[in-house]
Amino acid sequence: MKTRALTSDVLFGLVPIALLIAVWQALVSFGYAPVTLLPPPGLVFARLAQQLVTGTFQQEIAATLFRLFAGFAIAVVLGVSIGLAAAANPAVNAVVRPLVRVLAPLPKVALYPALLLLLGFGHESKITLVAADALFPILLSTYYGASMVEQKLIWSAMAAGTSPREILFKVVLPAAMPSILTGCRIGLVISCIVVFLAEMITSTDGLGHLLVTAARTFQAVDMFVPLITISLLGLILNGALEALRSFLLRGFPEV
Amino acid sequence: MMSPRAMLTRAAPVLACLGLLAVWQLASLALNNDSFPTAIEAIRAIPSILGDKESLINILASLRRMAVGFSLAVALSIPLGLMMGRSRAVASFFNPLLMVIYPVPKAALMPIIMLWLGVGDIAKTLVIFLGVSLPVIYHSFEGAKAVEEKMLWSGAAMGLSAPQRLIRIVLPAALPEILTGCRTGLVLALITMITSEMIARQSGAGNILFNALDMGQYDTVFAMIIIVGAMGIGLDALFERMRARLVKWSEPQFDIPLSFS
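Protein chains in written order, with our numbering: chain A, 1 to 255; chain B, 1 to 261.
No lab work stands behind these hints: they were computed from the structure.
Just so we're clear, the structure is a prediction, and the values are computed from it rather than from any experiment.
For each residue, glycine too, the CB sits at the ideal point set by N, CA and C.
Hints may contain errors.
Stated by the list, open to error - Counterexamples of contact, computed for chain B against chain A with all Cβ distances above 12 Å: (1) S3; (2) K53; (3) S55; (4) V74; (5) R86; (6) L126; (7) I169; (8) R183; (9) I191; (10) L246; (11) V247.
As the list claims (entries may be wrong) - Restraint-style ranges between C-beta atoms, simulated for each label pair: (12) A:P16 <-> B:K150: 25 to 35 Å; (13) A:Q59 <-> B:G51: 45 to 55 Å; (14) A:P164 <-> B:R245: 49 to 59 Å; (15) A:L14 <-> B:E54: 48 to 58 Å; (16) A:L78 <-> B:D34: 21 to 31 Å; (17) B:D214 <-> A:L244: 34 to 44 Å.
Modelling step: build the complete structure from the supplied sequences, incorporating the hints.
Encoded structure:
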């Protein structure tokens, strides 16, 4: 029963996407938008399918993915460890809290010129920007997850003779896991967005660069292809994280 | 009189700012790199930017676009999010579409929107609108979903119609969560504003920033970074004050915003 309700929900949800594509097609076929400005959806998807099998396009995707994963991985490692440390240690907390308060609302894109000047135009500056943007949601949700852990769990572990270090890794970390994974999900979407923007600003490869080159030469079809690709990448990565989540959280009550 | 401890908590963000500036100063002195001015040099360059009439108009125009885009997005996203939260049909209708749109960088739509609408205010405001909408919809959705059924039942029993229940019960109950979304949206509006102006190099704060980078005026680059950063922190603090006043009854769930891009 449940699966049937789920399938009908999914089908229902496909309606607005189908409508969007239909309106897009209608705009072109009834001549409201010239093909040079708004290419028909069929043409865009055909172009995408044709591009996906070429080696050069795959290389662009690989460049984007490499930066995305590197930045995201740094953000996860730093975010989880700083978040845990801040939740566990009042001294660390006193330092981290005001720093986060100042740095979190700072628009990181504005730092990009500084990163370019300091780290150069290669991978490093883009990876740093991705990491800086994805860091804060992960750090904050780790911190809140870890500080919400039930005190009783910690007391029982202490009563059983667990060392503080082991409590951190065997009690607090697993208990904070749902919250950490929520933060990672937000961080992943942000990484997708930021890596694309960074590549649009200065780059010689990657999906964002493809968009900018297409825009400079007014190739409307080629402008849509990288946008759809990043949206698909986001969906795939989100699905993968969702699978990881249900694997890591097996045994947890429904969250 | 405030206790010294409370004063220290209050002053902590200021101390953090000063600390960051000090680290910057030391780092640039240590690196001694031409393209990395010291914090003091960058701060010295700020008055000349804010004193210049053209730059000031540019920055104010950016803020105006941001305010318009942000307000429109909030006005439309909150009702949509609330309806999604209260109706399964509406939620399953819009969710997949939103999931497809979410990972697309809104500022990346700029080149395409520019082809249709030109490089003027409308294109930039539209991009800011799109960027702000998603987190506000998402948080309103989550907030409305968590409203206690019992309150709605009592409302219905007292004869409130469905739209009345939405405004008088769901909206206030979801308000803390909605405001969290708006706060995220505010940071996001600033980011989208800078990026869209950087892509459509015509006017605005982002334009000043990246033009200075291209021309190698590194003092101006870093001074603009300070100005934009101060805008972010200032707007966030302002919003936080307003939020605290509106939802005094609710403990802040996140006292620091989750930043999106």
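Hint by hint, here is what the structure shows:
1. Every C-beta of chain A lies more than 12 Å from that of S3 (chain B), the closest at about 16 Å, which supports listing it as non-interface.
2. Interface exclusion of K53 (chain B) from chain A stands, the closest Cβ pair being 23 Å apart, more than 12 Å.
3. Every CB of chain A lies more than 12 Å from the CB of S55 (chain B), the least distance being 15 Å, so the non-interface label holds.
4. Listed as a non-interface residue, V74 (chain B) keeps its Cβ farther than 12 Å from every Cβ of chain A; the least gap is roughly 17 Å.
5. At roughly 16 Å from the closest C-beta of chain A, the C-beta of R86 (chain B) stays outside 12 Å, upholding its exclusion from the interface.
6. Even its closest Cβ contact with chain A, about 15 Å, leaves L126 (chain B) beyond 12 Å, as expected for a residue assigned away from the interface.
7. Look at I169 (chain B): its CB is around 26 Å from the nearest CB on chain A, clear of 12 Å, so calling it non-interface holds up.
8. For R183 (chain B), the non-interface assignment is contradicted: its Cβ lies about 8 Å from the closest Cβ of chain A, within the 12 Å cut-off.
9. Interface exclusion of I191 (chain B) from chain A breaks down, the closest Cβ pair being 4 Å apart, not more than 12 Å.
10. Consistency note on L246 (chain B): stated as away from chain A, and its beta-carbon is indeed over 12 Å from all of that chain's, at 19 Å minimum.
11. Every beta carbon of chain A lies more than 12 Å from that of V247 (chain B), the smallest distance being close to 18 Å; the non-interface claim holds.
12. Checked against the hint of 25 to 35 Å, the pair P16 (chain A) and K150 (chain B) passes, with Cβ atoms roughly 32 Å apart.
13. Our hint of 45 to 55 Å for Q59 (chain A) and G51 (chain B) holds, since their Cβ atoms are close to 48 Å apart.
14. For the pair P164 (chain A) and R245 (chain B), the beta carbons lie near 40 Å from each other, so the given range of 49 to 59 Å is not met.
15. Take L14 (chain A) and E54 (chain B): their Cβ atoms lie about 50 Å apart, and the range 48 to 58 Å holds.
16. Between L78 (chain A) and D34 (chain B) the beta carbon distance is about 30 Å. The supplied range of 21 to 31 Å therefore holds.
17. A C-beta distance of roughly 42 Å is found between D214 (chain B) and L244 (chain A), which places it inside the suggested range of 34 to 44 Å.
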